Structures are given as C-alpha cells and as structure tokens.
Amino acid sequence: MLKTFKLGGVHPPENKLSKNQKIETLALPKSVFIPVAMHIGAPATPLVKKGDKVKVGQVIAQSSSFVSTNIHSSVSGTVKKVDFSADSSGYPKQGIFIDVEGDEWMDEIDRTTDLVKEISVDGAEIVKRIQDAGIVGLGGATFPTHVKLVPPKGMKAELLLINGVECEPYLTADHRLMLEKADEIMVGIQLLMKAMNVDKAVIGIENNKPDAIQLLKEKCKTCPGVSVVALKVQYPQGGEKQLINAVTGREVPSGALPIAVGAVVSNVGTAFAVYEAIQKNKPLFERVVTVTGKGVLKPSNFLVRIGTPTSELVEAAGGLPDDTGKIISGGPMMGKAIPSLDVPVTKGTSGILLMREEESKRKEVLNCIRCSRCTSVCPMGLEPYLLMTLGEKQIFDRAEQERVMDCIECGSCSYTCPSNRPLLDYIRFGKGKVGAIIRSRKK
Amino acid sequence: MSSRLLTVSPSPHVHSSESTQKIMYRVVYAMIPALAWSVFVFGWDALRVTLIAVAACIAIEYLIQKYLLKVSPTVSDGSALITGILLAFNVPANLPWWIIIIGAIAAMGIGKLSFGGIGNNVFNPALVGRVFLLISFPVHMTSWPVNHQAGIDAITAATPLGLLKEGIKNGTPISDIAGLPHLNDMLLGNIGGSLGEISAILLIFGGIYMLWKKVITWQVPVSIILTVAIISGIFWMINPEVYVNPAYHLLTGGLMLGAVFMATDMVTSPMTGKAQVIYGIGIGIITISIRMFGAYPEGISFAILIMNAVTPLLNYYIKPKRFGGK
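Chains A and B, in that order, give the protein sequences. Everything in the first sequence is counted per the working numbering, starting at 678 for the first residue and increasing by one. Everything in the second sequence is counted per the working numbering, starting at 19 for the first residue and increasing by one.
Hint data in this document are derived by calculation from the structure and do not stem from the laboratory. Computed from a prediction, not measured in an experiment: that's the story for all the values here. Fair warning: there could be bad hints in the mix.
Just so you have them, the derived chain B footprint on chain A, three or more residues with Cβ under 8 Å [claimed, not checked]:
#1 805-816
#2 916-929
#3 991-1005
#4 1011-1025
#5 1029-1038
#6 1101-1109
Backbone N, C-alpha and C define an ideal beta-carbon position, used for all residues, glycine too.
With the hints as extra help, turn the sequences into a complete structure.
Spelled out as structure tokens, the structure:
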C-alpha cells in the first residue's frame, strides 16, 4: 500500500504530455518585465532607474523586510522604465522593464556545469545566502525560503520534506528537474539540512514518476539521512499539510505552520535553486516552466529567464493554437487564468497551460443535490457546500466557526461537484472577508 | 490572437466528468432488474402503472416549472424519472390510473417543487406521494394483485406483513398463521406486495451496483438492515410465537426498497458517514416499532419521512473529521 494523505482528495486525468521532453533553454527574449512582488510578503524596493545598465544576476530590487526577498536581473541590458504592468493576477504590479543587450553575467557566477559537492559554508551562512539569492518556494506558493529555515522561538525543526509530488495535472517541470538535475538536487537538500540543522530529509514523489523515484533512490544511497517515499497519486498531495500527513502521518494543527509538527517543506525546484545559489553563486533568475495543453504542437519544458513574456514560451512550443480559449499560469487545479500573453514568467510560474475553447468554459450551474461529494473530497475535512452558502449569504461568523480559514483552495470540491457549482469561488470570497475580520480584531 | 478574448476565471479550470444527470441515470439503471421482475410477476399492469407514474411526474414537474414558477424546466436531469419509478414501486400493480396521477401531483408538487425543486426538498418526494395515497385511498393502496408466480388462486392477496399483523392481532400463534411464504420465495420475490418491493435479491443487486458506481454509501442501507435485524432478532428470541423471524422483517414489505433506494436519496439523507449511520439506525427503530406495535403492518415509509425531517439537524451537529484536530 502506497502512502497518501488521509482525508479526501481527487485524481484528475494526469495529462502529463511533456514528461518525456528534456529541459530546453529558451532563447533570450528581446525585453523582460520583472515584477518586484513575485513572492509572499513585502514587495522588494527597486534599486535601478531608467537608463541604468544591468548584468545577469545583479540585484535590481532589494528585500524590504524579513518576509521579503531580493530580485535579480535575469538579463543584461538597459533599464527601460520602472512601471506598472499586469502580472498573472491580472492586476497592474510594479516592476522593472529591461531591454536585453547581449548576455553578460555577473563575474562571481560559476557558469560551468561541473557538480560542486563539497559544502564549505556553515548553516547561518547558507540561510543568509539563500536570502541574498532571492530564493522563494518554487512550487508555486513563493514563500521566501530563508524565513522557513529559521524556526520561530520555542520550535524546532526535525525533518526536511522535499516536495517532488507535482500533483497538478499537465505539469512536468519538477519531474524533468529530478531526472536531469538529480545530483544537484541532492546537494541542495544537504545544504538545506545543514541550514536547518536536521539530520533527516524525505523526498516525496508520486508513483506516476517511477523513473524519478528510482533515480533519486539510487542517489540517496550515498546521501546519509535522505530517503525517498513513493506516494499514491492523489491531488492535492503537493499541498504542504497533505504532504506532511502522507509522509509522517502527522497533522499540522488548524491555523499553525508545518514547523508546529517539526517539519519544513521545500520543493525540488527550490532545492536546486539552493544548490545553484550556494555552490555556483548564482541567484534565482531563471526557472523551469512547462508549456503544455491538448492543442499545443510541442508540449515542452523550458529553462526560462524570469520576466520573459508568456508569448515567447508559447511561440517556442509551436505557437498559439487557433482554438485557445484560456491561458493558465500554473496547473489546471490551482493556476491563474491570465488575461494576455504579455504576462511575464515569475518565480512562481511552474507552467503555462493553453486550454482549448471548449475546455475553457464552465458548465451550467445546477441546484445542489447534497450528494456530499464535496465533503468527501475535501482534504481539510470541511463542508464546501455549507461554506459556499455561508459565503453567498455573507454569514461570516458562522463561516469562521465552520473553519473557512482552513481551506487551502485546492479546488477539489469544485472539480468534483456534479452540479458544477462554483464552490471555491464563494469559499474564497468568504475566506477573504473572514480573514479581514480576524485581522481587524487583532488591531 | 489580438482580436480574440481569453476566458479569465478563478481556479479550478478542469472539471470531473461527473454530472447530476449521470448520477440520476445510474439510479434508474439500478432499478431496472426489480422493475423487470415486477412485470414478470404482475404482468403488463406493472408496466402500465410505472409508465403512468413516470409520465405524470415528468409532466407535472414540467408544467409547474414552466407555467407556475416560470423557471426553465429541469426534467432532463432525470430526477423526475426516478421519482416516477419509485412512486410506482411503492403502489400495488392494480392501482387505477387516476390515483397514480394524484400520487404524482402530491410527490412532485407538494414533495418537491413547493420546496424549490431538485435538491431543496426536505422529504423524499416519492414517499410523500405514497403516504399521501396510503392515507387518502387506504383500500386501493392495500389491495394487492396476485403474484402469478406464487400460484395462489385469488384476485387480491395479502402481503406477508399484512397476514402477520392480522394473525397476531387475533392472538393466533405465528406457527399457525396460514399462507406465510417460505424464505426462498421472499428472497426471490414470489410474494405479494407493492410493485417494486417484492424481490429482495434484485433490490440488493441494484444497491450493489449503486455502491460500485458511488451513487450511495454503505452507511444508510447497512445501518437500517442491521438495526431491524438486531431488534427483531431479540424479540424473536424472547417469544417466537408473537414475534416473527427477522428474515420476514428483512425480506418482506418495503424494507429493502426503502433501505436501498428511498432512504439513500442524496437530497434527503445526511452528508457525513457518521450522521448517515444515526439516520439509518433511526429509520430501523421507527420501522420495527411501527411494524410490531403500530396500527400499520408496514412502517418504513413513515420512518424514512420522519428521519428526513431530522436530517438538517444531523447535518448541523455532526461534522466531518476536520484535518488538524478539533
């Protein structure tokens, strides 16, 4: 019996169309737009102005508080302007526009592909350099990694969990990274373990990636303390709380962080970024992005510079199919539909999914038939049908009692509802309102 | 590209292939064996009753929605079809057409649409129709046609539960009551009764199909059946001359039909497994109490309707197991 999390979950068609496509380096774009808020926390403060020359890897916006992070230029060239433009949220966000000229990297970056195994820095230094390198959770949540590595007072980390689950349908970026950069990821894991001062790490991988499981198991033989756990394919296993539960059986209490049960979760992509930052002096300015969809000519995995417009990725994957109805940044379950192809790749962009016209429309909403499917698939043990009604009717005190804030917005309820009810839409609305009420109470 | 607009909507962007209509049709498929059996034993009359009930339920829903409520009719979702078949299952095969139509009006009009249509009804519509008819037309509703397979030469026949009730009322020891069927006949459906309730085994097949297709959960039917079996078993062990063998309670009357098809109705049963068990136990206790001590020989319809009324309360107090404690 393979392990999985204990409550709920769904298994949408996997559609991993690009799983056999090697990671290709995408050609440099003509210009980039790098938002200063690509992470959870305070936006970074721009350090450059119009006309400035920048190099690849240069800090162009500085971390503005503890929960914030640096932003580095992903290209070399001239700053065109510091202005607002839409990111994947659809809202205009401040960012830096750079016209690309050549590809000149900062001198200290080691551009060779040689594997550097030896760890020559201590834990505190690792945390500091992760912070300087602008590393955030690359699974999509984009929480600054250095913050996770420093537990709050009175709490102690015991276990590092590496998230290689990639439970979103279609996405294969993490899968490819595990296959092609396994050695680097293993070093990255050891760096994270050293930074956290733990001697145990577990890599969780779903069983639909047997090649990655086998390869990393092989690598673990020479890596004391690190092991691989194969997990049953079940969405949303990549959720922090679900992964901890699947691997350790522990439940993160309502409202608490994973550290409350002694765990810190990092994505495989993050582990790779940590390797590059410490061993290669290379800050986070590029990432692997899956470009996929049923109508896409050449589903691909690209290594992309942050700030590259979506249009460049789509072009490289064979162009925009005529019947495209929706473009999603991320996977189909939790990704964001973007309004145009100008939206840039940011640190959290794991994939670009093109959906055909007929896939992109929602079906007619019917009455709730109380089949309780939403309740049985909710991984948090909530009652989505009830939370939806409470959101719709704006009964926020009851919604709080029914633990609307526990919702992880995985979308399993809306996915499974036979009456096509927009459960998560109203739950999000209720969650937003209840969150605001809770914050105002604290003041 | 520039001329075309993209859809922007919140996640999730994919949907399962599940639909309300598919769920409803699975219920219909599950009822086909029992329906076929009733046509076999009661002849074309069974088909006549079923067709009238189905046509009436669909027509009434359509007419009320279109002309009275002025909303777009939802007859295509298949739920009116189910109510029609279930209503037919709950009446004798020789019921006059006009009584069936009155039953359909009660079921769809009062039981379903007055609450707001599919999903909003508190009570199982088919049972509302059935109980309405039972109270309004007690003679018609309890004059069962002869089961051709049972080989009894008569125009109307009593149900096993009816025979028992009558016998016990007159003080006859159970071993002396004439005409009680054998176990095999009860299991297969060679007994008298309402159209769709007679073959326990085919109803169970339907239930297994629905379990497999995830239309129902095991909690409701199993808790009803176990409760009835345990309570009637205890009484039977105390005095087998006054209290009948539990097999009679399980295999005759509407118990299987109720436990498998009526009590499991999603709309009117509780949401969580734990609440469903309590709901099932409640139905079991009320059913057996009415059968043993009440005025009616059969009580599962009333039991389900009473527990339907308790369902919102169970949903309010019994919460699923939350992730992360408390």
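Tested hints:
1. 805-816: Result for this restraint: violated, n = 0.
2. 916-929: Three-residue rule met by the stretch 916-929 of chain A, so holds; n is 4.
3. 991-1005: holds (count 6)
4. 1011-1025: holds (count 8)
5. 1029-1038: holds (count 5)
6. 1101-1109: Our answer is that it holds, as 3 residues pass the Cβ test (under 8 Å) against chain B, meeting three.
In summary, the one numbered hint that this structure violates is 1.
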